[in-house]
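Undergrad: Based on the provided sequences and hints, a complete structural model is requested.
Residues per chain are reported as follows:
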Amino acid sequence: MPEISGYAFPNDVHVHWSLMIVMYPYITGFVAGAFIVTALYHLFGKKEFEPVARLALATSFCFMAIATFPLNLHLGHAERAFNVVVTPHFSSAMAGFGLLYSGYFVILLLEVWFVYRREIIETARRSRGVKRAFYAALALGTYDTSPEALEVDHRAVKLLSAFGLPAACMLHGYVGFIFGGIKANPWWSTPLMPVIFLLSAAVSGIALLVLLYQVTAKLGRRPIERETVQAMARWLWFFLILTVTLELLEIVLLAYENSDAWHIISQLLTTRLEFSFISVQMIGGSLVPFILLAIVVTMNAYLHDRVRNTLASVASLLLLVQVFSMRWNVVIGGQLLSKSFRGLRSGYQPSLFGREGVIVAIALFVLPFVLLWVFDRVLPIERAAPPAEPSREPAAEPARRTA
Amino acid sequence: MESARHVFRVLFLLLVVVVIFSVGRTFLVPKSYGAYGPYRFDNVAEQAAVRPPQHGGSASCGACHAERLKAVTAGAHRKVGCEVCHAPLARHVRDGARSAPMPVDRSFTLCARCHRRIEGRPAAFPQIVLAQHQGGVEGTACIDCHEPHSPKL
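First to last, the sequence lines map onto chains A and B.
Each position in the first sequence, counted from 1, maps to that position plus 3 in the working numbering.
Each position in the second sequence, counted from 1, maps to that position plus 11 in the working numbering.
Don't read these hints as lab results, they were simulated from the structure.
It is possible that part of the hints are untrue.
Some residues of chain A that are not near chain B, with every Cβ distance over 12 angstroms (derived) [claimed, not checked]: (1) 77; (2) 91; (3) 116; (4) 255; (5) 256; (6) 264; (7) 302; (8) 306; (9) 337; (10) 350; (11) 374.
Distance windows between CB atoms, simulated [stated by the list, open to error]: (12) B/140 <-> A/370: 47 to 53 angstroms; (13) B/19 <-> A/224: 39 to 45 angstroms; (14) B/49 <-> A/145: 56 to 62 angstroms; (15) B/49 <-> A/50: 46 to 52 angstroms; (16) A/377 <-> B/102: 31 to 37 angstroms.
Not close to chain A: a few residues of chain B, all C-beta gaps over 12 angstroms, as computed [what the hints assert, rightly or not]: (17) 49; (18) 160; (19) 163.
Keep in mind that this is a model prediction, so the values were computed, not measured.
In this text, a Cβ means the ideal position worked out from N, Cα and C, and glycines have one as well.
TA: Right under this line is the structure:
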C-alpha cells in the first residue's frame, strides 16, 4: 500500500506507467541522438565525425529495431502491435506513432543501404553460394560501382540525411509531445517537453557514441582520433548546456510564477525525487559532466590524449545516467503527484523480475549492442580499406568490369 | 541515368512495399474500425458479452435483505453502497439464488479510505488520525466498536 502524504485522489496512487515507459524514451532517444551524429557528417560535412558516422548510423538502426519492445512489454498483446501502424490517425499522439515510426524506419533502411551498397556489392563479388545470393539480393541485383553510381549514392545519402534529421527529431519530439500534451499533469504539460526530450536525446546519443567509438577502436586495435573525440565532446557539451538550461528553465519558471502547481512540484522535487532529480540528474549527471567537458573543450591544447579520452568517457557515462534519470523523473515523477495538486504518493520501486522488471530493462538495453554485433558481422562497420571519396575514385571502374 | 539504375530499383521496391501495405491494410483493418471513432466498434459489444456486470447495486441486495437495507438507508452510511464493504453481488448470487457466502472487508484500511484525517476533507466529516485513535488502530477492526450499517458512535 503506497504511503500518501497530503490529499491524494484514490485513483492517483497507482503508478501505471512503469519502468518500461521510462525505457521507451530512453531507447528512442539513442535513435535520434545517434542519427544527429551521422547527419553532422553526411549533411553538415563535419569531417571530424567521419570515423563515427557509420557506427552512429548502425547504432541508430539497432536501437530503432527494438524501440517498440518496451511498449510491447508494457502493454502486452504484442500481436496487436501492428494495428497502430495500419490504423494511424491524429486524435491521439500515440496513434501517430505508426506514421512516424514506419516513415523514419524506411529512411534509415534506405540510408544504411546507400551507405553500404559498395561493400555489399564487393562482398557479393568475393563470395560464393548462399552468401553470394544473400549479398546479391541485398544489392538488388545491380553491381554498378562506377564513380558515377557512387556519386549518386553519395547524393542519395545526403538527401536521406536531410529527410532523416527532421524525421528523427519528430520521432523523438513526439515522445516528448505525448507527455507535454497531458494537460491534467502540471509536471508534464509544457510545450518545452518535446524540445527537452529531443535535446536530451542528442546528449544520450552522442554520449553513447563517445563510449562506443572508444570501445570499438580499442577492440579493433585502431587509434582513437583526437579530433573525433574532441568534436564529439564539444557537441556533447553544447547539447548538455541546452538541455540542462531548458530543464531548469521549466522549473525556474514554475517557481517564479509561483503557480498553484508549484506547491506540489516543489514538494515532489525536494522529497520524492530528491535523489533522482537533485543528486543524480542535476549534480552528478549535469554539473559534473559540464565541468569535465568544459575542461576538454576549453583546455584542448594542454590535454594529453589519454586525459581527454578519460574525461570524455567519464562525462559520457554520467550523461547516460543523467538522461535515464531525466526520463525516470518525468515518467515516474509525474505519477507520484495527485491531480488534486495537494498530495503525493510514496516513491515507486520497480520489481526485479517480471515483464516490466529491472532485469528485462537491463536486457533491453543490452539487446541493441547484440544487434550491433550482428550488424557488424553482416555489414562491417569499419571499412577494411582506407576510406575514399566516391567522386575521386577512377580506380573503381575496372573493378566493375571484372564482376 | 544509367548510373542511377539502382536508385530506380530501390524506389520500385519501396513502391511494391507501399502497394503491399495498402492492399494488406484493407485486410488487416477490422470492419467496424472507424464507425464511431478511431477504434473497433464491435469491441464494445464483445467486451460487454465477456464481462457480465459484477455489481448489482444496493436495491438488488434489498430484494433479500430488506430489513438491513432499511437500516442502512436510515443511517449515516446511506450513501455508501453495500458492495463497497461487501463483495460485488456476483460473488454471492448466481442465477437469482445464493451461490456462496458473502465476503466482508473488515479491514481498518477500508474505513480509513474515507475516515482517515486528510486536510482536504470537509471539517464536519467524521475523521480520525490513525496513529492516535485508540492508541493506533492498525490490526484492530473498526467495526468491533462501530456499527457499520448505521454508525452513530
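Undergrad: So which of the earlier hints does this model not fit?
TA: 2, 3, 14, 16 and 17
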